[in-house]
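Generate coordinates for the entire structure from the input sequences, incorporating the hints supplied.
So you can see what is in the structure, the chains are spelled out below.
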Amino acid sequence: MIEIKNLHARVDDKEILKGLSLTIPNGEVHAIMGPNGAGKSTLANVISGKDGYEITEGDILFHGQSVLEMEPEERAHLGLFLAFQYPVEIPGVNSMTFLRTALNAKRKANGEAELDGAEFLRIVKTAMKNLKIKDDFLKRSVNVGFSGGEKKRFEILQMQVLSPTFAVLDETDSGLDIDALKVVAEGVNMLRDPSRSFLVITHYQRLLDYIEPDVVHILADGKIQKTGDKNLALELEEKGYDAVIGDAA
Amino acid sequence: MTLIDTLKSTLADDTSANAKLFLDNGIPTPKIEKWHYTNLNNIMRTTWPFQKASHASQQSCGESDIRFFDGHATVCSVPDGVTILAEREASAHPILQSMRTQEFSKRDESLAALSHSQSTPLFILVDKKVEATLVLENFSMLKESVNFPHLCIAVTEAASLTLSSHSHSAGEAWSNILTQIHIANDASLTLMNLQNERKDTAHTSHTFIQAEEGSALNIYGMNIGGSLGRQTIDIDLNGKNIQTNIAAANLADGKQTQDFTIHMNHNHPSCDTNVFSRNVCRGRGQSVFQGKFYVAQQAQQTDAEMSCKSLLLSDRARADSKPELEIYADDVKCGHGATVGTLDSESLFYLMARGVPRKDAENLLVEGFIEEMLTRIPDDATAKIWRAHFAAWLAATYEG
Ligand SMILES: Nc1ncnc2c1ncn2[C@@H]1O[C@H](COP(=O)(O)OP(=O)(O)OP(=O)(O)O)[C@@H](O)[C@H]1O
Ligand SMILES: [Mg+2]
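Residue numbers (my numbering), protein chains in the order written: chain V, 1 to 249; chain R, 1001 to 1400.
Calculated directly from the structure, the hints in this document are not laboratory data.
Watch out, some of these pointers could steer you wrong.
To be verified - Computed footprint of chain R on chain V; a stretch qualifies when at least three of its residues, placed anywhere within it, have a C-beta under 8 Å from a C-beta of chain R: (1) 39-50; (2) 67-73; (3) 104-111.
Positions of the beta carbon are idealized from the N, C-alpha and C atoms, including for glycine.
In structure tokens:
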């Protein structure tokens, strides 16, 4: 369970999150929609512990524990995961090495033994099959030369390998063709279980046909402006932000 | 008396042009353009007695085919197609003979001239496509010594040679290495030089290459050890359609200076050149990359690209880069790019968000940065060794 309470965040003296509150119980999928510049990625980054944001008020509790003072890797070890809106290219770092380093770092932090090569490979191969990622793919450097869609699939592959208990997906559907969208959505749905929760950030109602949310929020001007069920997304698609939330859009 | 004074008095009676060049100019100072960033003060101030090691008796070569001990070669084995010539045989070979009698004349070549005047070269003739890598080691055993390993290599028409060399030392020393190479038409050369001297040893190497029409040059270099590591590569492209690929990495820590200085003269049409430089500096380390492409008026359709990236891992580290183009032909594609920066914060966050602790994430990024250079090395065995040397460098933290 993740609880975000009255969160205020600034960048360079500009307030971007202005008292945002949100609670996602275990097992639920919440969607966030909102206009460009509303603060969706900022929220995702602040949850993950990225540098450069000043939290002036509020708190983020993960299973009852505040994570605000934690480094990004400590949050990852607790089970947080962020699928990036813009996955970063890292030249010279092999994708397989990267995955293995990440998984073993998490296991080590949680007092588990490092995986041997064969076990690790089995986990990765399974995830690759789930996401229809080709074999030679992971021989390449992290995200270097990947197409937009391949980068997003790789994010979900990382999620499957790291098996978090709470994942934020920041516009994972953007740039995906229809088939890839289904593959990625299926990759997320496979992980849905009563102990895991998701926050899905998207601009398109269509994604929510594949990943059915329990709750839909509209974020605008740094705050949750409206909360509803999946029909809220349909209403939004039909009428636009102005009509649904008025001036805050 | 300083080492240089001693050297000069030793050379005083030597009337050769090369000895004279050194006597007149001494050690290059930063006032000389090619040495602007790399200060040889430490060598100049050294007060060791000048010891030229006496001829080492035949030694074992260990894993190598040829080992220079304090500048003297022991040849243990050479692959088929490689012949070591005696001085008398070499003098009958016009190309090797011209190397033997070469007179340096530029002020910035005074150290090459010094080496030439003091050394007995090892003559290597390559007249086949040699598959196996010739493995060479430069080893300074003697403390407080200056050594002058000297190679003259001729690769004949359509022949090929892969040479992997590794320089290291057991005590404070100065290794001043001279390599003269001729690559005939359609021949090819792959040269890999790893400098990992002891932290108190100075290493200056001077490689001169004459390449003929249709030949291929692949040159890789890495400076890791030493108080000073300077590898100078001068290439004259003397024919059409020569392909050159160079990749060089400087790793500078403590108070080290690591330097690659590469000058290429494109004298004929349709040569393709790529020079790739990577530098990592931490502590008070300094890296230097100087690359110059000269393109003569008749060298049309030259395609020459130079890129240099430097990574500064501490506030007191410093990276100097000087890419230079001097172009007299009008139908050419020449470019260069140089960047200096710190570790990318977005990449760091990406790795940390996946659970990789900060220090490990930083190391992974530095590894990736150098891996882009290592991955260019076609000889897997050599690449593997260099990767291990680099990993040890990365894992060690020292302020020297
Ligand atoms: N580092 C920064 N410096 C200055 N302004 C920033 C910074 N990061 C974000 N902002 C601003 O904060 C606002 C929110 O940005 P954010 O990326 O969170 O929006 P978003 O809701 O994810 O938008 P989109 O739908 O376009 O992805 C924007 O106005 C943006 O310009
Ligand atoms: Mg965004």
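Consistency of the hints with the structure:
Closer than 8 Å: that is the beta-carbon criterion, and the segment 39-50 of chain V has 3 residues meeting it against chain R, so the requirement of 3 holds. Using a Cβ-Cβ cut-off of 8 Å, 3 residues of the segment 67-73 of chain V lie near chain R, which meets the minimum of three, so the contact claim holds. Check on the segment 104-111 of chain V: 3 of its residues sit with their Cβ under 8 Å from a Cβ of chain R, so the three-residue criterion for coverage holds.
When each numbered hint is compared with the structure, no violation occurs for any of them.
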